[in-house]
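Chains as they are written, first to last, in our numbering: chain A, 1 to 326; chain E, 1001 to 1301.
No lab work stands behind these hints: they were computed from the structure.
Be aware that a few hints might be false.
Said to hold, decoys possible - Quick look at which bits of chain A chain E covers, simulated, 3 or more residues with Cβ under 8 Å:
1) 179-186
2) 251-258
Said to hold, decoys possible - Here are some chain E residues pointing at chain A (derived, C-beta under 8 Å):
3) S1059
4) S1167
5) S1194
6) A1198
7) H1224
8) L1274
C-beta atoms are modelled at their ideal positions from N, C-alpha and C, and glycine is treated no differently.
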Amino acid sequence: MSAPAKTGGLVVENLTVAYPLATATVLGVDGVSFTVRPGERLGVVGESGSGKSTTALALLRLIRPPGRIAGGRVMLNGTDLRGLDEAGMRAARLRVVSYIPQGAMNSLNPVKTVAAQMRDAILDHGERVAPDAIARALEGVDLPAGTARLFPHQLSGGMKQRVCIAIGMLLRPQLIIADEPTSALDVVTQRQVMGTLGRLQTETGACLILIGHDMGLMVQFVDRLAVMYAGRLVELGGIEEVFAAPRHPYTRMLIDSVPTFENRGHFVGIPGTTPSLARLPPGCAFAPRCRFAMELCRQVVPPSREVAPGRSVACHLEDVPLAPPA
Amino acid sequence: MPRPPDARPDARPPLLALAGAGKTYGGGLFHRNTVPALQPLDLVVDGEQPPVIAVVGESGSGKTTLGNILLGLIAPDTGSIRFEGQDVWSLGRAARRGFRRDVQAITQDPFSAYNPFYTVDHALTVPLREFGLARRHAQAMELAAAACDSVGLNPADTLGRYPHQLSGGQRQRLMVARALLLRPRVLVADEPVSMVDASLRATILGNIVTLNRTHGIAIVYITHDIVTAYHVADEVLVLHRGVVVERGEAADVIGNPAHDYTRLLVSSIPWPDLDRRWGDADLRGAGRDAATTSKIQETTP
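Hey, can you work out the whole structure from these sequences and the hints?
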């Protein structure tokens, strides 16, 4: 494996986010490692509480105290994001790492026009606003130039989400983190918004992380997939391999919980609920919900091991693709 | 020609029927512009063989207006809504109470459905006593616990807690349990799973389908998500800007869409299938397609 310092793109090593509670310290993100090459799209899936959004916030260094990043390295194209001081990180947000939030409707300032919000973002990063910067940014997301004069309430949900993307792309960031950017949109708008995001990313060659829980969307959009459970990365690999031949039972169940075209009206939820991070079982966190759980699983946390180049899984099971249940 | 829902002398009138019901907003003193939210439409919810009807549309399509008309919360300004043959808006006090019990709602946001000052039991036991389904509190709690069980919730983990102590999925499943408790005849579910994860989505939709199949409750499932509509519904109505552009048997509408808008919807479904990629344009190649551009031009104010 190549030395991470030489690798372009995003290199995350052993990222850990800790929340101190009265009785114990809870790890919201527990030793997560992955890389995203320039121009590559990584999907991060998991149920709510799996740590996927916390991972995103940690990359942006926006974990709210008393939570804190307790360890790990985050390198983006050779820059150590954890090594930046607060002012440096503030300048890096949007310019180097941009975040496209889930609820676009709540992220825009309701009393400012689209143009004013874009101008603010550029000025705040100490740049001059080129005369056609705003029109070009809007054109980039397929919005007419006239949108600049409008207020958020005059825009549809899809248009607001595009404005958020336009703002996120203003300074041509090296890393885009999109946290369920289309979960509130209908499928047509979703496809358009994802198309726009994908095109801009391809043009700029940025790294992209898409956080979500919709396996269908992941299959359509990302190159590689990371599956998180209870703060840990349980499976990582190319989308085709992970989807066609998952190795972790949790990944298998996530895939099976999404009904396919052929499987009409067939609902398979994942039984049980995600464990509380404050009361994780001693072994594998997924063992209580796993149909393959063995004695070993209840005692020893399975380490993440590389089963093929770029493909890793954290499970005690033998390395075989898991077939769907009959 | 829409047939009046009570024109069948031999049969009982349908449980719930819209005849030419439509709604236009605005047009008041300060709003000269009127917005036709829902063009007149007919819809029959049969009580003999209770269906699952999905209403699919994007934001602004009029789907929530339709849901609110069905719930008797908004009066249609053209046409009528009839419950067992009687106009809902001229029901007497007792009949209106019956309508309120028989036609229940599940809303999108499972948090705002609860009063944050009470434990979640309140949302379950009050209507039980209000509608005379349980006389004593203990009896109401027993029924509530049984309803929790039937949607796969552990009563000990859920009852007695405050809404903020439960996860979104638990709150929404509790709403399904509540619907089950009251044994309504129609359940209008407006985006019930848009705020929960995909894995829980399957569980909750499974619960809703069970309400229909084993308890005979007719379901009107309102959603922006044509995929879940396909999996849940018998009949699908596709709404686009207040107009029903296509309706019919669910497998037929999605398997063989006739209207351009439905075709666009179906081709945009992100199927979890490596061989069934997004419409004609694979977004990993990520080009812009004609549909995108034309739609944006249309929606520009």
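Earlier hints that do not hold, by number:
The structure breaks none of the hints.
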